[in-house]
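Colleague: The chain contents come next:
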Amino acid sequence: DVKVTQSSRYLVKRTGEKVFLECVQDMDHENMFWYRQDPGLGLRLIYFSYDVKMKEKGDIPEGYSVSREKKERFSLILESASTNQTSMYLCASSLGRGRLVSEQFFGPGTRLTVL
Amino acid sequence: AQKITQTQPGMFVQEKEAVTLDCTYDTSDPSYGLFWYKQPSSGEMIFLIYQGSYDQQNATEGRYSLNFQKARKSANLVISASQLGDSAMYFCAMRLGTEYGNKLVFGAGTILRVKS
Numbered sequence: 795d796v797k798v799t800q801s802s803r804y805l806v807k808r809t810g811e812k813v814f815l816e817c818v819q820d821m822d823h824e825n826m827f828w829y830r831q832d833p834g835l836g837l838r839l840i841y842f843s844y845d846v847k848m849k850e851k852g853d854i855p856e857g858y859s860v861s862r863e864k865k866e867r868f869s870l871i872l873e874s875a876s877t878n879q880t881s882m883y884l885c886a887s888s889l890g891r892g893r894l895v896s897e898q899f900f901g902p903g904t905r906l907t908v909l
Numbered sequence: 072a073q074k075i076t077q078t079q080p081g082m083f084v085q086e087k088e089a090v091t092l093d094c095t096y097d098t099s100d101p102s103y104g105l106f107w108y109k110q111p112s113s114g115e116m117i118f119l120i121y122q123g124s125y126d127q128q129n130a131t132e133g134r135y136s137l138n139f140q141k142a143r144k145s146a147n148l149v150i151s152a153s154q155l156g157d158s159a160m161y162f163c164a165m166r167l168g169t170e171y172g173n174k175l176v177f178g179a180g181t182i183l184r185v186k187s
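Protein chains in written order, with my numbering: chain E, 795 to 909; chain Z, 72 to 187.
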């Protein structure tokens with residue numbers, strides 16, 4: 795059974811803290827994604843990675859960075875958390891290039907609150 | 072600009088009836104794909120159905136069907152015989168054909184409530 799796991803379901807941090815959100819997939823997928831989900835805005839892509847050590851900015855990368863040192867793991871980093879980064883964060887993975895019908899598989903999400 | 076629009080913030084449907092969730096898209100790329108995902112209150116995203124831009128027939132998966140009207144750029148989800156477990160948020164998404172794989176653009180979502 796396909797599986798994407800995220801390190802925490804709920805997280806509370808203080809303004810200015812460095813925050814790490816971890817995502818692991820066991821499907822040997824090339825692509826991994828980080829989204830944030832806010833009411834009325836749907837899911838917005840923060841960063842994605844199509845290979846180890848490769849990353850591309852999504853639509854809202856400001857205030858975030860990512861790391862992909864191993865194929866199965868994709869980390870989202872908030873260098874200095876701010877209250878406007880309070881949100882639900884979703885990780886996803888999918889098969890690589892040339893796959894026309896390749897849906898993304900999602901993790902359970904991390905609800906981050908920044909105080 | 073590539074964009075997905077879901078104009079219905081919320082919908083109600085009576086149990087056992089059919090319901091249509093609207094989705095329109097905007098792209099100039101001739102090759103694209105359209106997805107529908109379901110997100111129950113537990114938060115996980117569940118893939119429901121896919122339609123490719125070159126597919127001749129509308130996609131169907133069990134009680135889900137996709138009413139694909141290419142000229143109108145619409146990809147509405149039809150759920151037949153609604154069940155209480157269908158109550159959830161539904162997202163329409165479009166795959167953008169980048170050389171790096173399938174990046175998705177999502178709509179704002181529609182909350183569906185099934186009444187008994």
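Don't read these hints as lab results, they were simulated from the structure.
Any given hint could be a false lead.
Claimed, not checked - No more than 27 Å apart at the CA atoms, straight line, and that leaves these computed lysine-lysine pairs for DSS-like:
hint	chain 1	residue 1	chain 2	residue 2
1	Z	K74	E	K849
2	Z	K186	E	K851
3	E	K797	E	K847
4	E	K847	E	K865
5	E	K812	E	K851
6	E	K864	E	K849
As the list claims (entries may be wrong) - Only some residues are given here: those of chain E computed to face chain Z with a beta carbon under 8 Å:
hint	residue
7	V818
8	G834
9	L837
10	F842
11	V846
12	I854
13	P855
14	E897
15	Q898
16	F900
17	P902
18	G903
Cβ atoms here follow ideal geometry from the backbone N, Cα and C, with glycine treated the same way.
Colleague: Now tell me if each hint is right for this structure.
Modeller: Hint by hint, here is what the structure shows:
1. K74/Z - K849/E: The given pair, whose Cα atoms are some 23 Å apart, holds under the 27 Å limit.
2. K186/Z - K851/E: Roughly 42 Å between the alpha carbons, so the hint for K186/Z and K851/E is violated.
3. K797/E - K847/E: holds, 21 Å
4. K847/E - K865/E: holds, 9 Å
5. K812/E - K851/E: holds, 20 Å
6. K864/E - K849/E: Holds - the C-alpha atoms of K849/E and K864/E are around 13 Å apart, at most 27 Å.
7. V818: violated, 16 Å
8. G834: Holds, because the Cβ-Cβ distance from G834/E to chain Z comes to roughly 6 Å (cut-off 8 Å).
9. L837: holds, 4 Å
10. F842: It holds, given that the least Cβ distance between F842/E and chain Z is near 6 Å, below 8 Å.
11. V846: violated, 13 Å
12. I854: violated, 12 Å
13. P855: violated, 13 Å
14. E897: holds, 4 Å
15. Q898: holds, 6 Å
16. F900: It holds, given that the least Cβ distance between F900/E and chain Z is near 4 Å, below 8 Å.
17. P902: Since the shortest Cβ distance to chain Z is 5 Å, the answer is holds.
18. G903: holds, 5 Å
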